[in-house]
Amino acid sequence: MIEMHDVWKVYSNGVEALRGIDLRVDQGEFVYIVGPSGSGKSTLIKLMYREEVPTHGIVLINGINVKRVRDWKIPHVRRKIGVVFQDYKLLPNLTAFENVAFAMEAVEAPRRKIRTRVEEVLELVGLTERMHALPSQLSGGEQQRVSIARAIVNNPTFIIADEPTGNLDPENSWDIMYLLEEINIRGTTVVMATHNKDIVNTMRQRVIAIEQGVIVRDELGGEYGYED
Amino acid sequence: MKIDTFFRHIREASRGIRKNSWMSFAAIGAVAVTLFIFGFFLIFTFNISYLTKELDKQVAIRVSLRDGLTADEQEKLLENIQKDPMVSKANLVPKEQGIRDLKQQWGKDSDFLDQLQDGDENPLPDMIHVIPKNPEQIKQLEAQLEKNSSQVEHADSGGNVTDRILRFSTFMRTVVLVFSLALAILAAFLISNTIKLTIIARRREIEVMRLVGASNWFIRWPFFIEGAFIGMIGSIVPIGVSIGVYYFFHQILSDGETYGLFKMMPVLDLSTRLGITTLLMGIFIGSLGSMISVRRFLKI
Chain A
1 MIEMHDVWKV YSNGVEALRG IDLRVDQGEF VYIVGPSGSG KSTLIKLMYR
51 EEVPTHGIVL INGINVKRVR DWKIPHVRRK IGVVFQDYKL LPNLTAFENV
101 AFAMEAVEAP RRKIRTRVEE VLELVGLTER MHALPSQLSG GEQQRVSIAR
151 AIVNNPTFII ADEPTGNLDP ENSWDIMYLL EEINIRGTTV VMATHNKDIV
201 NTMRQRVIAI EQGVIVRDEL GGEYGYED
Chain B
1 MKIDTFFRHI REASRGIRKN SWMSFAAIGA VAVTLFIFGF FLIFTFNISY
51 LTKELDKQVA IRVSLRDGLT ADEQEKLLEN IQKDPMVSKA NLVPKEQGIR
101 DLKQQWGKDS DFLDQLQDGD ENPLPDMIHV IPKNPEQIKQ LEAQLEKNSS
151 QVEHADSGGN VTDRILRFST FMRTVVLVFS LALAILAAFL ISNTIKLTII
201 ARRREIEVMR LVGASNWFIR WPFFIEGAFI GMIGSIVPIG VSIGVYYFFH
251 QILSDGETYG LFKMMPVLDL STRLGITTLL MGIFIGSLGS MISVRRFLKI
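Each protein sequence line maps, in turn, to chains A and B. Numbering-wise, the first sequence is residues 1 to 228 according to full-length UniProt numbering. Numbering-wise, the second sequence is residues 1 to 300 according to full-length UniProt numbering.
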């Protein structure tokens with residue numbers, strides 16, 4: 001669960017990226033974050049995986065106040081969050097399998113468990129055949145599926161996706177969306193910032209629209225609402 | 001730390017060194033140059049402290065006894081002095097031994113002593129040789145011994161010379177210590193810049209590790225090991241060269257006529273200490289350097 005109360009984010013250059021955000025995302029929800037470029041979407045997303053801390057206000061991730069939590073405990077907070085990026089952020093010299101396993105090694109999971117769990121999630125994202133390929137040998141859609149596999153391998157309570165279809169053609173974008181939908185159905189919360197009008201208008205979910213750092217719309221099964 | 005994790009860190013560290021072999025080579029070079037300078041400082045420090053200890057050993061009070069004390073009285077006085085908490089050691093030097101010691105000290109130039117020693121007449125008094133526990137208390141002890149004027153003619157600690165030597169060596173030790181520490185920190189920063197380049201190459205890895213919730217120490221360990229290893233390798237050449245140079249100078253300076261004041265530490269003794277200290281310093285500098293540079297990428 002993510003909760004925000006009167007959250008402000010002012011960057012050191014004086015830019016007010018967020019101005020008094022109140023928000024609550026419950027376990028199992030699927031939420032789109034939409035809005036024009038520079039509206040504060042990215043900042044909002046970054047607060048959710050504790051890449052940024054609020055200048056003012058309270059952000060609670062699974063009940064933990066991210067501003068108060070001690071530095072050495074932050075990794076433990078992050079283990080409950082899977083993050084997916086537009087540019088995948090895969091390690092180029094590791095295979096698909098190794099990229100996913102890396103996330104489990106990093107949290108010191110037992111080696112026996114790693115093998116079975118990684119194979120399991122690679123099967124879920126449909127990459128069993130391609131698991132020994134390097135990222136450079138995979139298509140954009142396949143790379144994004146590896147990064148989703150990496151995000152869910154440690155069983156997070158929610159997935160934060162920052163424009164996960166931004167670099168993909170429509171066909172691959174839909175594959176990714178079906179995958180995220182399936183993950184959501186299995187109980188994981190999904191929060192996704194997007195510019196993709198078709199997806200938002202077709203796969204109806206809760207839509208939070210943000211403009212100039214303020215939430216202007218928050219409706220269940222809403223539309224994208226912008227022209228781009 | 002789990003054993004799997006431990007081996008993973010070792011693997012990652014060696015991968016880091018091999019993948020950035022040129023950078024690692026440069027870092028090893030930087031460590032080597034620094035430790036080379038450091039090695040000479042150590043030679044200096046160790047010798048100063050060796051010399052000081054040798055001097056401390058020589059710091060002593062010569063208590064001249066009045067003529068005409070009986071053997072019993074002398075024995076009693078000696079016992080009293082030995083009981084003093086400031087005294088580490090005291091022993092009686094009868095005048096006959098005193099003259100023998102003097103003769104030995106002067107060597108071939110001791111002829112004049114024969115002339116002084118007119119027949120059985122010995123010009124020296126009986127003496128008690130007192131070594132203080134703490135050389136810095138020597139003046140205090142001297143004054144106290146002199147108070148017993150019925151039996152003690154004079155107590156002499158060698159005056160200002162010992163005092164000055166003591167002050168000088170304390171001063172030198174401090175100077176060298178401060179200088180070495182400053183040098184080490186400077187070196188760590190120098191090396192951190194080199195290691196930083198190997199870390200930049202792995203920025204994405206660190207970023208991903210952070211995102212999936214790796215603990216900071218999990219991220220640091222491979223770099224820590226890598227730095228320590230670079231420091232260790234970088235210390236080998238300077239250790240060898242410093243010992244070689246010391247051996248050479250030791251041969252020249254300690255050969256033939258040696259003078260009491262100028263004593264060099266034995267080569268084997270110095271080599272062991274120099275080797276261990278430089279090696280530890282290398283490991284310290286290397287790991288500190290990589291900690292400094294990894295810190296910048298670990299913003300939480």
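No lab work stands behind these hints: they were computed from the structure. Note that beta-carbon positions come from the ideal geometry of N, C-alpha and C, so glycine has one too. It is possible that some hints are incorrect.
[Stated by the list, open to error] Here's a subset of chain B near chain A, in silico, CB distances under 8 angstroms, partners left out: (1) K2; (2) H9; (3) R11; (4) N80; (5) D84; (6) A201; (7) R204; (8) M209.
**Request:** Return the numbers of the hints above that this structure violates; sort them in rising order.
**Result:** 2, 3, 4, 5, 6
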